[in-house]
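Colleague: So the chains spell out like this:
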Amino acid sequence: MQNFSFFVRPEPNVVYKDKLHKVNVWIMRAILLVAFAFSDFYSVNVTIMETALSGALVNFRPEFLYPTVHILSGALSVLFFEIIGSLYYSLIRPLCPPVQLTKKGFMSYLRFTYVLISLLGGCIKLIYLFSDLYFYVFNNLIDVVVTTIGLIVLYAYINKHYVPDTIKSKFIKLAFIPYLTVQFVRVLGLLL
Amino acid sequence: MKKILVILLLISLIFAFSLNLVSADDTKNTSRAYELAVDFTTKHPYRKTASEEGVKASEYIREFFENLGIENEVQKFTYNAVVSDNYYYNTVVEKRDDQNVVGKIKTNKDTADTVVIGAHYDNTFESGTGTGFYDNGSGVGIMLALAEQFKKEHDEGKILPFNLTFVAFGAGEYALRGSEHFISKLKGEEINSILLYVNLDTIAGGDNLYVYSDEVKTMQEDYFLNIARKSGVKLNPPPANKGTFYASISKLGYAHAGLSSDNVSFMNRDILSVSFSSFNWTAFVSDVMDESAVHENVLGTANDSAKSIDEIYGDSAKEKVDGAYTLVYNGLREGGFADYMRRAKRENTDYSLLTSRYFVPAIGAGFLIIVIAVILSLSKNYAKKHPPKKEDSGFSGEERPHVFEEFD
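Protein sequence lines correspond, in order, to chains V and D. The opening position of the first sequence corresponds to residue 1 in the numbering used here, with each subsequent residue numbered one higher. The opening position of the second sequence corresponds to residue 1 in the numbering used here, with each subsequent residue numbered one higher.
Rather than coming from a laboratory, the hints here were simulated on the basis of the structure. This structure is a prediction, so every number in the text was calculated from the model and none was measured. Just to be clear, a hint being listed does not mean it is correct.
Claimed, not checked - List time: in silico BS3-like cross-link candidates among lysine-lysine, alpha-carbon distance up to 25 Å:
#1 V:170 <-> D:109
#2 D:185 <-> D:385
#3 D:251 <-> V:173
#4 D:217 <-> D:185
#5 D:385 <-> V:168
#6 D:345 <-> V:168
#7 D:217 <-> D:230
#8 V:168 <-> D:230
#9 V:160 <-> D:385
#10 D:385 <-> V:170
#11 V:22 <-> V:160
#12 D:385 <-> D:104
#13 D:109 <-> D:43
What the hints assert, rightly or not - A short list of chain D residues far from chain V (calculated; beta carbon distances all over 12 Å):
#14 231
#15 270
#16 342
#17 362
#18 375
#19 384
#20 386
Glycine residues also receive a C-beta, built at the ideal position from the N, C-alpha and C atoms.
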């Protein structure tokens, strides 16, 4: 029998330095849902109102659907967050195998970071309540700026505690390549 | 002591009674604008966009202008409308004919300056909906009352120093096609000569009367807020949180309660405008549309009729209709109106850069470049602190494992 054990990537020897992972994952997801709803307060039921305005269905006012749309859009955001977060980990992990962080650990950090990002973004958007000026398009910019700063802090933290010294320099660059690619595509999309 | 108390009681009773009498008298005092709105919506309750009944409603307005001796014309136009039973799966494009009615009162001064006053006359009639008194019989009523008053004063020699154009728009309920057509027919110099466009739409329900002019504070907004203070009319500027949503009708790429009527067509051509309406702006931001914090929703329901509005809102509806009428009338009659609006055209804040197509992407791209620089600098810093060790893989040089040794 051949020994293929050297092909199997060894599980990282995880040493958590905080108690974040001990918070029930569903509680964190529920907090995330509330945070997303807070951050996206201004942009819900947008599509429904546009159909009413464009004249296609002038009397189409499904008021009873609005609470459902709120909850559904928040729940879908959390679902996408989980999927994209997992994919992200799967992408980064093979490129930097010595990173001592499991998927579970990475996701718990990412959830916590996004809760903070959404709450901060939502708070910044509250300025519109007290402002004479309302340009909706700035909401996207606020999201991008807050998210990027949040992710820089997260990856710097992971880099400090879970990444071997030899690949710290490589990890910080690799971690941001997918994110920055997506953001540049968004910017290009605005131009086209 | 008892006598004094009895006298005081009698005096207070008489005082209270007299107050009641005064308010009872007030309720009977309905305005001309309100009367005209009731008459128009009672005679033409079913005037769905681009329908035969809609044409009859526009004929009512044309005859009204004709009877007053106001120069008038009917502007016919055609547009493609998306109609379907199901918006998502069964889209059909239909060609529709519709019409605007235009009335003009010309000044005796040698000037092309014009104030345009407009309101859409069509409604969204379906079985189960009302007569469209609120949306927008009220706006039509105010416009007709203004036309009547200004024409009367014109004939008496009290002539305004600018031209007046009254427009009853068709297809106000279908992507503002009526107002778009009206502007598309104007020449460049005619557009430049418009001092102000006054929009009247959905004025009766809601909790407050609002004036909206633009996405920033403008001089014309201040002008009407001042007129309101002078005239004792309750008028609110738009709330800071306007409940914005994506929509393509405005060149800004989004809309809200102030960007949902014919004033948008004028704003898209950089014409100064003010729009009066009275439903709550929170209608577009909360889970359930709430036109009023106190009363039930009226728009698009069976309650959108003069009778129901009267029952639900009572004097409040009349106050708003009268208020909008008074503001427009006093605003145009105020000395220096034309000079003020010319100055407003020059001095209003220009925010076009903020809404230009390239501004936000440029900021976004700039920010991302800064982020790349930060990440590279972080990476360089890590590399400096922790330089990579030389050849720690164990797979180089002479000590390479001889995996194929047994075959040698």
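Colleague: With reference to the structure, classify each hint as holding or not holding.
Modeller: Against the structure, the hints come out as follows:
Between residue 170 of chain V and residue 109 of chain D, the direct Cα distance comes to roughly 77 Å. Violation of the 25 Å bound is thereby established for this hinted pair. Proposed proximity of residue 185 of chain D and residue 385 of chain D is contradicted: the alpha carbons are some 70 Å apart, above 25 Å. Using a Cα cut-off of 25 Å, the hinted pair residue 251 of chain D and residue 173 of chain V is violated, with the two alpha carbons roughly 40 Å apart. Using a Cα cut-off of 25 Å, the hinted pair residue 217 of chain D and residue 185 of chain D is violated, with the two alpha carbons roughly 29 Å apart.
For the proposed pair residue 385 of chain D and residue 168 of chain V, the alpha carbon gap of about 10 Å is at most 25 Å, so the pair holds. Restraint check: the Cα-Cα separation between residue 345 of chain D and residue 168 of chain V comes to about 58 Å, which exceeds 25 Å; the hinted pair is violated. Between residue 217 of chain D and residue 230 of chain D the alpha-carbon distance is near 20 Å, which keeps this suggested pair within the 25 Å criterion. The hinted pair formed by residue 168 of chain V and residue 230 of chain D fails the criterion: a straight-line CA distance of about 69 Å is larger than 25 Å.
Of the supplied pair hints, the one linking residue 160 of chain V and residue 385 of chain D holds, its CA atoms being roughly 12 Å apart against a limit of 25 Å. The suggested pairing of residue 385 of chain D with residue 170 of chain V holds, with an alpha-carbon distance near 13 Å, which does not exceed 25 Å. Annotation: proposed proximity of residue 22 of chain V to residue 160 of chain V holds, straight-line Cα distance about 21 Å (limit 25 Å). Among the hinted pairs, residue 385 of chain D with residue 104 of chain D is inconsistent with the structure: their alpha-carbon atoms are about 80 Å apart, more than 25 Å.
Between residue 109 of chain D and residue 43 of chain D the CA atoms are separated by roughly 38 Å; this puts the pair beyond 25 Å, and the hint is violated. Chain V leaves residue 231 of chain D outside its interface by the beta-carbon criterion, the shortest separation being 24 Å against a cut-off of 12 Å. For residue 270 of chain D, the shortest C-beta to C-beta distance to chain V comes to about 17 Å, beyond the 12 Å cut-off, and the non-interface label holds. Annotated as non-interface, residue 342 of chain D keeps its C-beta farther than 12 Å from every C-beta of chain V; the closest such distance is 24 Å.
Here residue 362 of chain D does not stay apart from chain V, with its beta-carbon only about 9 Å from theirs, under the 12 Å limit. Here residue 375 of chain D does not stay apart from chain V, with its beta-carbon only about 5 Å from theirs, under the 12 Å limit. The Cβ of residue 384 of chain D does not lie farther than 12 Å from every Cβ of chain V; its closest approach is about 9 Å, which violates its non-interface assignment. Annotated as non-interface, residue 386 of chain D brings its C-beta within 12 Å of a C-beta of chain V; the closest such distance is 4 Å.
Of the numbered hints listed earlier, those contradicted by the structure are 1, 2, 3, 4, 6, 8, 12, 13, 17, 18, 19, 20.
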